[in-house]
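A.B. asks: What follows is the residue order along each chain.
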Amino acid sequence: MGIDLIFRIAAIGILVSVLNQVLSRSGREEYATMTTLAGLVVVLLMVIKEIVNLFDTIKAMFHF
Amino acid sequence: MDIIQIVGLGIAATIIIAVIKGQKPEIAIQLSIITGVVIFFLIAGKFAAIVDLLGSYFNKADIDIMYFTVLLKIVGIAYIAEFGAEICRDAGESSIASKIELAAKVIIMTLAVPIVTSLLELVISIMP
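Protein chains in written order, with my numbering: chain A, 637 to 700; chain B, 1258 to 1385.
Hints listed in this document are in silico derivations from the structure and should not be mistaken for laboratory results.
Accuracy of the hints is not assured; some may be wrong.
Unchecked claim - Straight-line Cα separation of at most 30 Å, DSBU-like style, residue types lysine-lysine; simulated pairs:
hint, chain 1, residue 1, chain 2, residue 2
1, B, K1330, A, K695
2, A, K685, B, K1278
3, B, K1362, A, K685
4, A, K685, B, K1317
Same shape as in the complex, but just chain A (with noise of 0.2 Å):
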C-alpha cells in the first residue's frame, strides 16, 4: 500500500530541488518560486490524501 508513493514523493522533491537550481542559476527568479510552491502543493495533496486514509483506518479498527 503506497510504499512507491514515498518512492514517487522523494522524485517530486529531488525534481523541484533541481528545477529549481537551474531556474534560479539561470535568471528566471519567480519562475524558480513558482516551481517550488507547484512541488509543495502537489506533494501536499498526495500527503493529505493519505492522512485521511490513516485516520480513517484508525477510527475504523479502534471504534472511535
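Once you have looked at the hints, place chain B on chain A.
C.D. replies: What follows is chain B alone, placed relative to chain A:
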C-alpha cells in the same frame, strides 16, 4: 519477514530525506509523514487481528464490552497523538508537540472517568 521490509523501507526513506533536506526541508518533512503512514498500513492487518482476538477474549470472559472499547479508544488516541507529536518534533516544533501530548493526556483522562467511577463504586460496595 515483514520486519525486514519495514526496516529497509525506513532506512531508504531516511537516506532520501537526508538528500532532500538540504534544498527542500518542507518536502522532507512530508516524506517522513508518508513513511510513517505507509509503515502503519503495513502492520494494520496484524493489528486488527490482535484487536479482534482481544475482543473475543473479553466476550468469552463476559467482561463488560464498554471497558474494552474505552481501552481501545485510549490506545488509538495515544497512537495518533504520538504520531503527530513526533512529526512536529522532527520538524523542530517541540512546543507544538508538547501541546499535542498535553491535549492527548486530557482527552484520555476524560475517557477514563467512567472506568474510575465504576472502580470506586465497586470498592465502596465491598467495604463493610
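A.B. asks: Return the numbers of the hints above that this structure violates; sort them in rising order.
C.D. replies: The structure conflicts with hint 4 only, although it agrees with all the remaining ones.
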